[in-house]
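Asker: Each chain, letter by letter, is given below.
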Amino acid sequence: MLTRADLAKYPFLAEASEYVRELGFSIDDIASPEFTPVLDRATSRLEEALSKGRVSSPATDDERTEILSFPVSNLILSLTGEERAKRRFALAEAKRAYELLRQETPEKLQHIATGTFHWTLRRVDLQLGQRVYDFALALPDYLRNATSLREPKWKLPNRVLDHGFVYTARDETARLLEEEVAGRIVNRSARLPGRPPKLLQPRVEQTRGLISKWLGTPQTFELPKVPVPEAMPPCVRHVIEQLDEAKNVPHMGRFALAAFLLNIGADQEEIVRLFTTKWNTSED
Amino acid sequence: MDPTSQTIQQQFQRYYLEPARRITGPQSMANREFGFLLFKEKFMVRHRSFRTNEQLLGAIRDLVPAHVYFSTARYKEPTATMEEKGWEGADLVFDIDADHLDTECKPTHDNWKCKGCGNVGRGSAPKICPSCKNDRFEEQTWLCEKCLRQAKEETEKLLDIVISDFGVDPSNLRIFFSGHRGYHVHVNSKDLSGLDEEERKEIVDYVLGLGLETKLQGLNQTSSGGVTTVEGPMMGEPGWRGRIVTGIYDLLSEGVENLQLGSAQTQAFKEWNREALFTKPFWNSVRGAGLGTWQALALKAVQKKSSRIDTVVTTDIHRLIRLPGTLNGHTGLLAVEVQSERLDDFDPFTESTVFAGSMKVHVKEAPSFRLGTVHLGPFHDESVTLPAAAAMLLLCKRRAEPAT
Ligand SMILES: [Zn+2]
Ligand SMILES: [Zn+2]
Chain A
0 MLTRADLAKY PFLAEASEYV RELGFSIDDI ASPEFTPVLD RATSRLEEAL
50 SKGRVSSPAT DDERTEILSF PVSNLILSLT GEERAKRRFA LAEAKRAYEL
100 LRQETPEKLQ HIATGTFHWT LRRVDLQLGQ RVYDFALALP DYLRNATSLR
150 EPKWKLPNRV LDHGFVYTAR DETARLLEEE VAGRIVNRSA RLPGRPPKLL
200 QPRVEQTRGL ISKWLGTPQT FELPKVPVPE AMPPCVRHVI EQLDEAKNVP
250 HMGRFALAAF LLNIGADQEE IVRLFTTKWN TSED
Chain B
0 MDPTSQTIQQ QFQRYYLEPA RRITGPQSMA NREFGFLLFK EKFMVRHRSF
50 RTNEQLLGAI RDLVPAHVYF STARYKEPTA TMEEKGWEGA DLVFDIDADH
100 LDTECKPTHD NWKCKGCGNV GRGSAPKICP SCKNDRFEEQ TWLCEKCLRQ
150 AKEETEKLLD IVISDFGVDP SNLRIFFSGH RGYHVHVNSK DLSGLDEEER
200 KEIVDYVLGL GLETKLQGLN QTSSGGVTTV EGPMMGEPGW RGRIVTGIYD
250 LLSEGVENLQ LGSAQTQAFK EWNREALFTK PFWNSVRGAG LGTWQALALK
300 AVQKKSSRID TVVTTDIHRL IRLPGTLNGH TGLLAVEVQS ERLDDFDPFT
350 ESTVFAGSMK VHVKEAPSFR LGTVHLGPFH DESVTLPAAA AMLLLCKRRA
400 EPAT
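Each protein sequence line maps, in turn, to chains A and B. Numbering follows numbering that gives the first Met the number 0, with no gaps: position 172 of the first sequence is 171. Numbering follows numbering that gives the first Met the number 0, with no gaps: position 359 of the second sequence is 358.
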């Protein structure tokens, strides 16, 4: 259903995370010269988001760079520990996605909404008066995303509600997806384990500079929301502990992988499964 | 504890101690918090949990509370402090209470007294006292047949919205008479139990029709070639669209005179065959009625078809709500489940009375009322021997004191 070009447009999708995982990167790759375009694009995403509140889609056919740069942006941003910058970045990326989503076919919108976001979304072909509806969206999915929208047309009493489903037009569906996308990016940014990989440090510092340039100096410094080791799956904890003890262990790359996975929004179960097969660590 | 409370508690105790007594806890009982409001000093015992119906009944028999509540929420640790309970979702609950209804009979049976200046009035208490701007009142209310009938109608309108619009399967719905002035509707739906307070507020607004703009429900006008055409929803369309049309039909059926239209329009609507509402686009078929008139009618239709639910009960995701099968300390009546197909026939004044025998009480003041098939009162400063259920009602309502 989704092409690699789609993943470049929507790098927050579950399929994009899967694609990144299959590439199997380690920290050494980040250091290599061929990774520089990814880091540059990651930085430009951040710079544009922080300065303009938008991210533009480049006219590039380097889809791999486009896809990979997104989790790297996220990682860098998480390492700055600046919550307000995370929100701004998420909103900017979501806005970029909306501009693209509203042009997609109903089939693709439905695929994205039901796949990555687990919406219950049905295709309909319905006209009521002058209004044409393309979708029927389950009430809880509608409410989760519409309550933050202030225009009267999003208020539930102004919708057509039919047996648990809210009718939406294509553009409205894309707009609601924008909210969901922003939420997903904010939440994923919050899941960062352990210590910053040293090689990203210059980019992190650069981003900190951008943040204070565009968002000013924060009143209080916000600590990154790092999960306490006890709350992590033991396998992830194990990797991080090894990393703590010896900086040059080959597990270094594994750590980067774990960071990546958590950062791109893979859930803990998925990671546990992955690490269990690699190290055969049990879950308790 | 005062003698009235003592008498009430003794009667409650006898009721709960009957060997055949059974109490059925809610679904997922072990994950609910229970609360008991005691007669003594109106003390609230909270954060209790029970695994079985027997344990629950045991606690009720020990405490003999005036009111028994359970949480609409399910918790990982229902006995922990609020912060540590671990919220796992809450039933969607609606409360319809005569307190929130504007019934015409209220001035005849309710009254209030300002706690600030002693000012008194009839009907529901105002938001603030007209003479001293205080907002605290002593209120005396009565359960009245008309008020409860109105509450039942509101419940029926609510059920229509909950089933047709929210898509709740009737098997996931339970309706309860509260034992006092209203009805509760509990929705047990996995899909809706995770809604947060803001999302539940939208549900409330939908049921109340609050913030509804008729234009956004399709009532609008277009102009082309100098001709203005009104367009709007049709009978049978889903949600508020169809409901607006049936509401207008109901309003017209009840009498065009009450609609506060101009005399020419009133005449035009009288001559108009309202059955047109069922068939064709009708928005341009009443002489002299343009968009403005239809908008006003549509808003009245929304008022008519909305259900006057309590906002706070539905939006509060940590709410404690009355447990069915327990006695209501405000009345001595039982909170009982009402099967939805029987709602129309349900008589709260018959089906929730439990106390048999007779009791002697001294009644200060009470209007005439009915319990079961017996009509009683009015009473004024007199000692009377009454059916126990009636005596208990007067005691609980603080209209009477025990007499020997
Ligand atoms: Zn006053
Ligand atoms: Zn009344």
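Each hint should be verified, as a subset may be incorrect.
[Unchecked claim] Facing chain A, from chain B, some residues (calculated, C-beta under 8 angstroms):
(1) Glu83
(2) Gly117
(3) Gly210
(4) Gly224
(5) Val226
(6) Glu230
(7) Met234
(8) Glu350
[Stated by the list, open to error] Each computed BS3-like pair below joins lysine-lysine, with the alpha-carbon atoms no more than 27 angstroms apart:
(9) Lys126/B / Lys152/A
(10) Lys84/B / Lys112/B
(11) Lys214/B / Lys75/B
(12) Lys152/A / Lys132/B
(13) Lys189/B / Lys154/A
(14) Lys152/A / Lys299/B
(15) Lys154/A / Lys363/B
(16) Lys156/B / Lys154/A
(17) Lys152/A / Lys107/A
(18) Lys126/B / Lys112/B
(19) Lys94/A / Lys154/A
(20) Lys299/B / Lys41/B
(21) Lys303/B / Lys154/A
(22) Lys152/A / Lys200/B
(23) Lys41/B / Lys154/A
(24) Lys214/B / Lys154/A
(25) Lys303/B / Lys152/A
Quick caveat, the hints were computed from the structure, so don't treat them as lab data. Backbone N, C-alpha and C define an ideal beta-carbon position, used for all residues, glycine too.
Asker: Look at each hint and say if it fits the structure.
Answerer: How the hints compare with the structure:
no., hint, in the structure
1, Glu83, "violated, 16 angstroms"
2, Gly117, "violated, 41 angstroms"
3, Gly210, "holds, 5 angstroms"
4, Gly224, "violated, 18 angstroms"
5, Val226, "violated, 17 angstroms"
6, Glu230, "holds, 6 angstroms"
7, Met234, "violated, 13 angstroms"
8, Glu350, "violated, 32 angstroms"
9, Lys126/B / Lys152/A, "violated, 31 angstroms"
10, Lys84/B / Lys112/B, "violated, 40 angstroms"
11, Lys214/B / Lys75/B, "violated, 45 angstroms"
12, Lys152/A / Lys132/B, "violated, 38 angstroms"
13, Lys189/B / Lys154/A, "holds, 23 angstroms"
14, Lys152/A / Lys299/B, "holds, 20 angstroms"
15, Lys154/A / Lys363/B, "violated, 50 angstroms"
16, Lys156/B / Lys154/A, "holds, 21 angstroms"
17, Lys152/A / Lys107/A, "holds, 25 angstroms"
18, Lys126/B / Lys112/B, "holds, 12 angstroms"
19, Lys94/A / Lys154/A, "holds, 21 angstroms"
20, Lys299/B / Lys41/B, "violated, 42 angstroms"
21, Lys303/B / Lys154/A, "holds, 20 angstroms"
22, Lys152/A / Lys200/B, "holds, 16 angstroms"
23, Lys41/B / Lys154/A, "violated, 41 angstroms"
24, Lys214/B / Lys154/A, "holds, 13 angstroms"
25, Lys303/B / Lys152/A, "holds, 22 angstroms"
Checked against the numbered hints above, the structure breaks hints 1, 2, 4, 5, 7, 8, 9, 10, 11, 12, 15, 20 and 23 and satisfies the rest.
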